[in-house]
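Listed below, chain by chain, are the residues.
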Amino acid sequence: MHIFDQVGLGFSTAFTPHNLLYCLIGVFIGTVIGMLPGLGSATGVALLLPLTLTLEPVTALIMLAGIYYGCQYGSSISSILIATPGDSASAVVTFDGYPLARAGRAGQALATSAIASFVSGTLTIIPLMTLAPLFASMALHFGPPEMFALMLLGMASVVGFDAKSRAKGLTMAAFGLALATIGIDAQSGVARFTFGQVSLTGGIGFLAVVIGVFAIAEVMGQVGKGGAAPIRTRVRDMVISRAELRQIGGSIGRGGVAGFLLGILPGAGATLASFFAYDIERRASKHPERFGTGMLQGVAGPEAANNAAANASFVPTLTLGIPGSGTTAVLLGAFLIFGLQPGPLFLSQQPKLAWGLLASFYIGNVFLVLLNLPLAPMFASVLRLRYGLLYPLILLLSFVGAFAIENRMWGVGLALVFGAVGYLMRNTGSPRRR
Amino acid sequence: MGRLRGERILCGVLAAGGLAMTIASFGYHLFGAGGRIGPGFMPFCAGLALACFAVWTLAESFVRSAREKAAGTPSDAADTSAGAAPAGERPASSGSERRVVLVFVLTAASFALSFVTGFLVAFGLLICALLWFVEREKPWLAVGIGAVATLGSWAVFVLVLQVPLPGGMLGLLGGA
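Going down the list, the protein sequences come from chains A and B.
According to my numbering, numbering within the first sequence proceeds without interruption in unit steps and concludes at 434.
According to my numbering, numbering within the second sequence proceeds without interruption in unit steps and concludes at 1176.
Calculated from the structure, these hints are not laboratory results.
Be aware that one or more of the hints could be misleading.
Short, incomplete list of chain A residues facing chain B, as computed with Cβ under 10 Å [unchecked claim]:
#	residue
1	50
2	146
3	187
4	348
5	388
6	389
7	404
Now the stretches of chain A that chain B is said to cover, found in silico as 3 or more residues with beta-carbon under 8 Å [stated by the list, open to error]:
#	segment
8	188-202
9	408-415
From the three backbone atoms N, C-alpha and C, an ideal C-beta is built for every residue, glycine too.
Kindly generate the complete structure, drawing on both the sequences and the hints.
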C-alpha cells in the first residue's frame, strides 16, 4: 500500500465522530492530568486504561495516546504558573516559564508553550509517518539473534529510563522480570510461585502493578506537601507580538529537531530532549546570561522538544515493540491487552489501527491548541483546588480502575500492595519510568 | 525513615527475595528434555540477577555513604539534593510520612470493609475519613464530598460504564 493510501486510511479511521469524540476526551483529560503535580502521562494512561477496555482497540488507543500528548501540554501550565511540573519532561520549563509568570507575563509564556507544542507536535508527525514504515521494513529481516538483541536493548532502555544509578535501574529491571515469572509458564504449563493460590496462576497483572506503582505511589508522595499559590492569568494576556513570534520560531525549529532525534532512541525520552533543547537555546542565544530570568526561548525550545520526543517515541514502540519512553511502555501494555503485538509486522497487519492512531495525532494536536490557547486560564483554575481535596478522589478512581481490569477485588489488593512498593521505590530514588 | 535506610531495607529485601527465587527455581527444573530450557530457567536467571543487582545497589549505597561522610556531607541531605523527589517537588517531612502511613492504613481498612459494605460505600467512607482525619477538613465538608463522590461514582461507573462494582455482603450500590 502506498504511503498516501495509508495516510488516507488513517484519516478515514480517525475522522469518525466516535473516534473524534474519544480523541477530544483523551486530550482534555490528558491536559487536566498533566497539570496535576506528580501525576504525569504514564500515570494518566495507566489510570484510564482499565476504563477503555470495553471500547474498540483503535478508539481506546486514540484516547490513550491523546492523554499522553495532552499531558505534555498540561504539564507546562503547572510548570509556568506554580513552578511545579506535572510531568518530568516539563521540569525545564519552570526555569524561564515561572520567572515570566512572576514578571506578569504568564499569558505570553502559556501562549508560547501552546504554540511551540502545536507546531512541533504537528510537524514531527510527518517524519514519524515516513520513518515508521522504514523501521518496520528493516526489522522484517530480523532473525532470532536480532530479536534477542532487541529484547536486550529493550531491557537496557528500561534501565536507562530513570537511572541516576545504573545499579538501581538494573535491580528494578530484574525485579520486574522476577515478577513476570509468577504464574503459569506458557511453554510447559507449570504453575510457578503461586503457593496454591488460584488468583496467582494468571500471574501478577501488569495494569494493577502500573496503577499501584504510578498512580497510588505518586498520590502518596504528594500527600502532605501542599502546593504553591498559582499565578492568575487572563485570555487577553496571552497575546504575543510578531517580534516575539520571530524570536521563538528558531527555538521551536531547533527544539523540534533535537527532540525528534532524541525521542526516537529507546529510553532517551522527552525529559532528556527538553533539557537538551534548553541547553541548545542557551548556547544559541546572544544573551545566555538571561536564561533563567524569563526568556520566551527558554519555554519554546523545551516545549517543542518534549512534544517532538513524545511523537518520536512511537517509532520504536510501533515498529520494534520497544517502548520509546515510560508512557509508551504503558501504552505497549495496552496494545498487548487488546491482543495487538507492535513490531515489524504491525503496520502491515493492522494498517487501519496503526495509521488511524498516527492520523489522530494531527487531530489531537489541533484539539489541544484550540483548547489550550483560549482555555488555558480556565484549565489553570484547577491548580487553585487544594491537593488535599483532590487526592482522595484520585485514589477512588485508581481503585475503580484496578477493579475494572478483571472485575474482581484481587486487582484492588494488588494495586494497594504495589502502591506501597512504588512509594518505597519513589522515596529511595529507584527508577520506575521516564 | 531516612532515604538511605529505606534504600538499604528495600535492597536487602530484594536480594533475599532474589536468592529465594533462585533456590526455588531448581524445583521447577532448569532444563527439560533435549536440552531445552525448562520452567525454572527464567526464574533462575531473574532471581539471580535480582539478588546480584540488589547487592550491587546495597554496596553502592555503603560506598556513597562512606564517601559523603569523608567529605562531611550527611548522606540523607546529599540524597535529597541528588534528586530523591522528582523535579520541582519539596522533600517529604517526617510529619508527611506519618500522614502517608495513615492514608495507607485507612485505605487497607477500606479494602477490608468493602467485602461487607460494598466497594463504593467503603471507598466513599475512605474519602470522608481522609478529608476529616488526615486533611483536617470540616466534618460537614468531608461527609459532603464523600457522599457526592460515592453517588457520582455509582452513576458514572455502575450506571453509565456498567462496571460491576461489588455490593458486598450488604449489597449496597453494587453493579450487575
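Hints, verified against the model:
For the restraint placing residue 50 of chain A at the interface with chain B, the shortest Cβ-Cβ distance is roughly 9 Å, inside the 10 Å limit, so the hint holds. For the restraint placing residue 146 of chain A at the interface with chain B, the shortest Cβ-Cβ distance is roughly 20 Å, beyond the 10 Å limit, so the hint is violated. Because the closest C-beta pair between residue 187 of chain A and chain B is about 7 Å apart, less than 10 Å, the hint holds. With 10 Å as the threshold, the beta carbon of residue 348 of chain A stays out of range of chain B, its nearest partner Cβ sitting at about 31 Å, so the hint is violated.
Given the 10 Å rule on beta carbons, the hint for residue 388 of chain A holds: about 4 Å separates it from the nearest Cβ of chain B. Annotation: residue 389 of chain A was flagged as interfacial toward chain B, and the flag holds, the nearest CB pair being 7 Å apart, inside 10 Å. Evaluation of the residue 404 of chain A hint against chain B yields a held restraint, the C-beta minimum of about 5 Å falling below 10 Å. Residue count for the segment 188-202 of chain A with a Cβ under 8 Å from a Cβ of chain B: 4. That meets the three needed, and the coverage hint holds.
Note: the segment 408-415 of chain A has 3 residues with beta-carbon separation from chain B under 8 Å; the three-residue rule is met and the coverage holds.
Hints 2 and 4, counting from the list given before, are not met by this structure.
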